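Peer 1: Taking the UniProt record's numbering, the leading residue of the sequence shown gets 1, the next gets one more, and so forth.
Hints are computed from structural coordinates only; laboratory data are not their basis. There's no promise every hint is true.
[As the list claims (entries may be wrong)] Taking CB as the label site, the calculated pair distances span:
(1) Lys150 - Phe111: 37 to 47 Å
(2) Leu128 - Asn169: 27 to 37 Å
(3) Gln148 - Leu71: 16 to 26 Å
(4) Thr101 - Lys150: 13 to 23 Å
(5) Phe111 - Ile160: 25 to 35 Å
(6) Val75 - Gln155: 42 to 52 Å
(7) Glu156 - Gly50: 34 to 44 Å
(8) Asn124 - Gln154: 11 to 21 Å
(9) Leu60 - Glu108: 27 to 37 Å
[Said to hold, decoys possible] Here are the simulated lysine to aspartate or glutamate pairs, EDC-like style, with alpha carbons at most 16 Å apart:
(10) Lys30 - Asp14
(11) Lys26 - Glu95
(12) Lys44 - Glu95
Owing to the predicted nature of the structure, the values given are computational and were not obtained by experimental measurement. The beta carbon of each residue, even a glycine, is placed where N, CA and C say it ideally should be.
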Amino acid sequence: MTAYTPGLYAFMEDIRMTIGTCPINKDWIKKCYGETEVRKLFNKPISCSGTILGTWFAILSYLSIMESEILSTPVACRARMGTDQAIHNYIIYNEKIPNVTIHHISHEYGFIGTLGYPLWLKRNQFGLVQNANRSVYAVIHQWDRSEQMKIQFQQEYQIIPSNIRDKKNLV
Numbered sequence: 001m002t003a004y005t006p007g008l009y010a011f012m013e014d015i016r017m018t019i020g021t022c023p024i025n026k027d028w029i030k031k032c033y034g035e036t037e038v039r040k041l042f043n044k045p046i047s048c049s050g051t052i053l054g055t056w057f058a059i060l061s062y063l064s065i066m067e068s069e070i071l072s073t074p075v076a077c078r079a080r081m082g083t084d085q086a087i088h089n090y091i092i093y094n095e096k097i098p099n100v101t102i103h104h105i106s107h108e109y110g111f112i113g114t115l116g117y118p119l120w121l122k123r124n125q126f127g128l129v130q131n132a133n134r135s136v137y138a139v140i141h142q143w144d145r146s147e148q149m150k151i152q153f154q155q156e157y158q159i160i161p162s163n164i165r166d167k168k169n170l171v
């Protein structure tokens, strides 16, 4: 992406996994909106509620609709962890936000990488994760779902002992 267009940016997870083929997302949608909505969204890519960007107006509108949806869904929906994702996907795929363009950005070619489901992890010589076009992701979400990334993170960001944190020299 080289140009910024106003609106809300929803970032997809790995294209191989859809709302209907992911047991967790499917269950969240079913608990919040019922089997009819599951059928409607079955083949849609999963949009991760943990990664959303937008203009001031788009984000405020999204949050307002999200709040209304949370308050109006059944208690069985609200009582479960993760159902914000079901509500998020319901909102973006049903275009529930008036006067806001929703941009669906793929995991494979976008600038945010969600690592929960992908089978592959391409990195450059510096260890930076790349998309299918070999562009470096600006943000990596769910990095801790990849053993490779956990090892790299632990090697790059070691815990510094308190007795040397504020020292300029080790002498």
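Peer 1: Does the structure break any of the earlier hints, and which numbers would those be?
Peer 2: Going through the list in order, the structure violates hints 1, 3, 4, 7, 10 and 11 and respects the others.
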